[in-house]
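Undergrad: If you're matching them up, the sequences are chains A and B in order.
Under my numbering, the letters of the first sequence match residues 1 to 247, in that order.
Under my numbering, the letters of the second sequence match residues 1 to 247, in that order.
Don't take each hint at face value.
For each label pair, taking beta carbons as the anchor points, the in silico distance ranges come out as [claimed, not checked]: (1) A:216 / B:86: 31 to 39 Å; (2) A:247 / B:212: 28 to 36 Å; (3) A:215 / B:63: 32 to 40 Å; (4) A:221 / B:241: 44 to 52 Å.
Calculated pairs, DSS-like style, for lysine-lysine (alpha carbon to alpha carbon, straight line, at most 25 Å) [said to hold, decoys possible]: (5) B:122 / B:140; (6) B:122 / A:140; (7) A:122 / B:122.
I should point out that these hints are in silico values taken from the structure, not numbers from a laboratory.
For clarity, every value in this text was computed on a predicted model and none was experimentally measured.
No residue lacks a Cβ here, since even glycine has one placed at the ideal position from N, Cα and C.
Residue-level listing of the chains:
Number of protein chains: 2
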Amino acid sequence: MYAYAPSARPVVLDPHGAANTCANCDARPHSVCNAVPDADIARLTAIAVVTHAEPGTTFIQEGDPASHFFNISAGTVRMYKLLPDGRRQITGFSGVGHFLGLAVSDTYAFSAEAIDHVRFCKFSRARVRTLLDDYPAMEKRLLAVASTELVAAQDQMLLLGRKTARERLASFLMLQSRQGVMCQSYRHRFALPMSRGDIADYLGLTIETVSRTLTKLRSDGFIEIPSATEIAIRAPAALESLATGMA
Amino acid sequence: MYAYAPSARPVVLDPHGAANTCANCDARPHSVCNAVPDADIARLTAIAVVTHAEPGTTFIQEGDPASHFFNISAGTVRMYKLLPDGRRQITGFSGVGHFLGLAVSDTYAFSAEAIDHVRFCKFSRARVRTLLDDYPAMEKRLLAVASTELVAAQDQMLLLGRKTARERLASFLMLQSRQGVMCQSYRHRFALPMSRGDIADYLGLTIETVSRTLTKLRSDGFIEIPSATEIAIRAPAALESLATGMA
DNA sequence: CGGTCACTTGATCGTCTTCAATACCAGTGG
DNA sequence: CCACTGGTATTGAAGACGATCAAGTGACCG
Chain A
1 MYAYAPSARP VVLDPHGAAN TCANCDARPH SVCNAVPDAD IARLTAIAVV
51 THAEPGTTFI QEGDPASHFF NISAGTVRMY KLLPDGRRQI TGFSGVGHFL
101 GLAVSDTYAF SAEAIDHVRF CKFSRARVRT LLDDYPAMEK RLLAVASTEL
151 VAAQDQMLLL GRKTARERLA SFLMLQSRQG VMCQSYRHRF ALPMSRGDIA
201 DYLGLTIETV SRTLTKLRSD GFIEIPSATE IAIRAPAALE SLATGMA
Chain B
1 MYAYAPSARP VVLDPHGAAN TCANCDARPH SVCNAVPDAD IARLTAIAVV
51 THAEPGTTFI QEGDPASHFF NISAGTVRMY KLLPDGRRQI TGFSGVGHFL
101 GLAVSDTYAF SAEAIDHVRF CKFSRARVRT LLDDYPAMEK RLLAVASTEL
151 VAAQDQMLLL GRKTARERLA SFLMLQSRQG VMCQSYRHRF ALPMSRGDIA
201 DYLGLTIETV SRTLTKLRSD GFIEIPSATE IAIRAPAALE SLATGMA
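Just need the whole structure built from these sequences, with the hints factored in.
TA: Now the structure itself:
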């Protein structure tokens, strides 16, 4: 088990780097928001509440009434579910442009915490509903988001149910190398905003196994570990083979 | 590992029990199809291709071009993903009224096989797209389906990542008791259309562990096992506690 | 009846967990 | 500048849960 104390992780993105209107939001190109045409962007701005969350802050609580949708515009978030005795399963990490809060139920199905400094837009569900009626493209976009997440969830089930610790770490690192924050100067090198405990709870392992397996992957020449929060992939093809269970 | 030989399982529902038009389809009340109003039901019938699949037949192949949507109207289906060496993860079981084939990608993200005799409607994706433009309610319905599946997938991640074998079986049995085919005469008694191998690959376990754990749950008084394909729950509340990790 | 196949049960093994100690890193204050 | 502190990460040794290997049981069917 892992102690979930909030801790200062390296800030990867400046949370104050973008203006507070939808028109020049740097997350908009990557998010469902761009289904609203430029001309009507004021309607979006009107109902968006820009919010900041410090590292370790829980801003969605599993079981609470699902009153809002969220759109991440800076930082990284972990979504998770807990068992009564504290066992935790992280269902995913969300970064810039990600949309949270989809649920038919009237309560949230998971909790969400800021890993580093996070900025997000809150939208009242009721107001979004009226927006959806006016912009069918947005509804289509939401369906696309949900479908994509569903595919990712199925991949994760395969990982959790059938892959070895080594394969899980390989899969995780390849995923991060694709969608993580890359280092400008070196390809295949990226930052890990989340802790070993987060990684463990995402992969269904323990901290110790994550640490040991990373060390092993390094000594086997697959990766380098410049610091605890940075990874460089030495052999992308070989690591990908590992990740897909070819080895 | 499990040998995936097609095998004759008890047929739970008569696949020929319903008429071949959407108007009197017994799956329609439970499916996305009822977003199309009665008056226009002919449009739906026009593009629906009713198909049957014998036990063990694969009718969706992971990686194939995603040309159709599917709607199950009789029988039970297993969806799964494979690793190159044959390890299998079943991502879910689908019964009457379930909708399959959601994906943004142009290829299927999973395979689907008939467990017993299955009847389903095939819809060309292209034709459904035009239908969706005319019936926004159907799009909303699809979003609801996707959201529901997403929540289920997150629950399954928690199960696969953090629950013990005993808790997994308890969760599975409670799920089946809710959505499975109930015996008419006895409450808390239901049929299991899937084999032990299917259950194992769904829960991230082996056949042997599934069998042993079921035996243990029986000897502990939680359940009865009238036959290999039938389960009766003796202590629903206690089993539910187990399933949610309270014990 | 004999054969097949799914399921059950038993014995042993291995991967990952648990428990425990140590190393590391950043921040703080002497 | 360096010792001290709190927290994270790494490493080591022992243990457990589920996997694997193997044999036995039972149901269905030709």
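Undergrad: All the hints need checking, so say for each whether the structure fits it.
TA: Right, here's what the structure says about each hint:
At roughly 25 Å, the beta-carbon separation of residue 216 (chain A) and residue 86 (chain B) lies outside the given 31 to 39 Å, and the hint is violated. Between residue 247 (chain A) and residue 212 (chain B), the C-beta spacing of about 31 Å keeps the proposed range 28 to 36 Å intact. In this structure the supplied range 32 to 40 Å holds for residue 215 (chain A) paired with residue 63 (chain B), their Cβ-Cβ distance being about 34 Å. Checked against the hint of 44 to 52 Å, the pair residue 221 (chain A) and residue 241 (chain B) passes, with Cβ atoms roughly 48 Å apart.
Pair hint residue 122 (chain B) plus residue 140 (chain B) holds up; C-alpha atoms about 20 Å apart against a cutoff of 25 Å. Between residue 122 (chain B) and residue 140 (chain A) the alpha-carbon distance is near 21 Å, which keeps this suggested pair within the 25 Å criterion. Distance hint between residue 122 (chain A) and residue 122 (chain B) is unfulfilled; the C-alpha atoms sit about 39 Å from each other, more than 25 Å.
Figure legend: structure checked against the earlier numbered hints; hints not met, in rising order: 1, 7.
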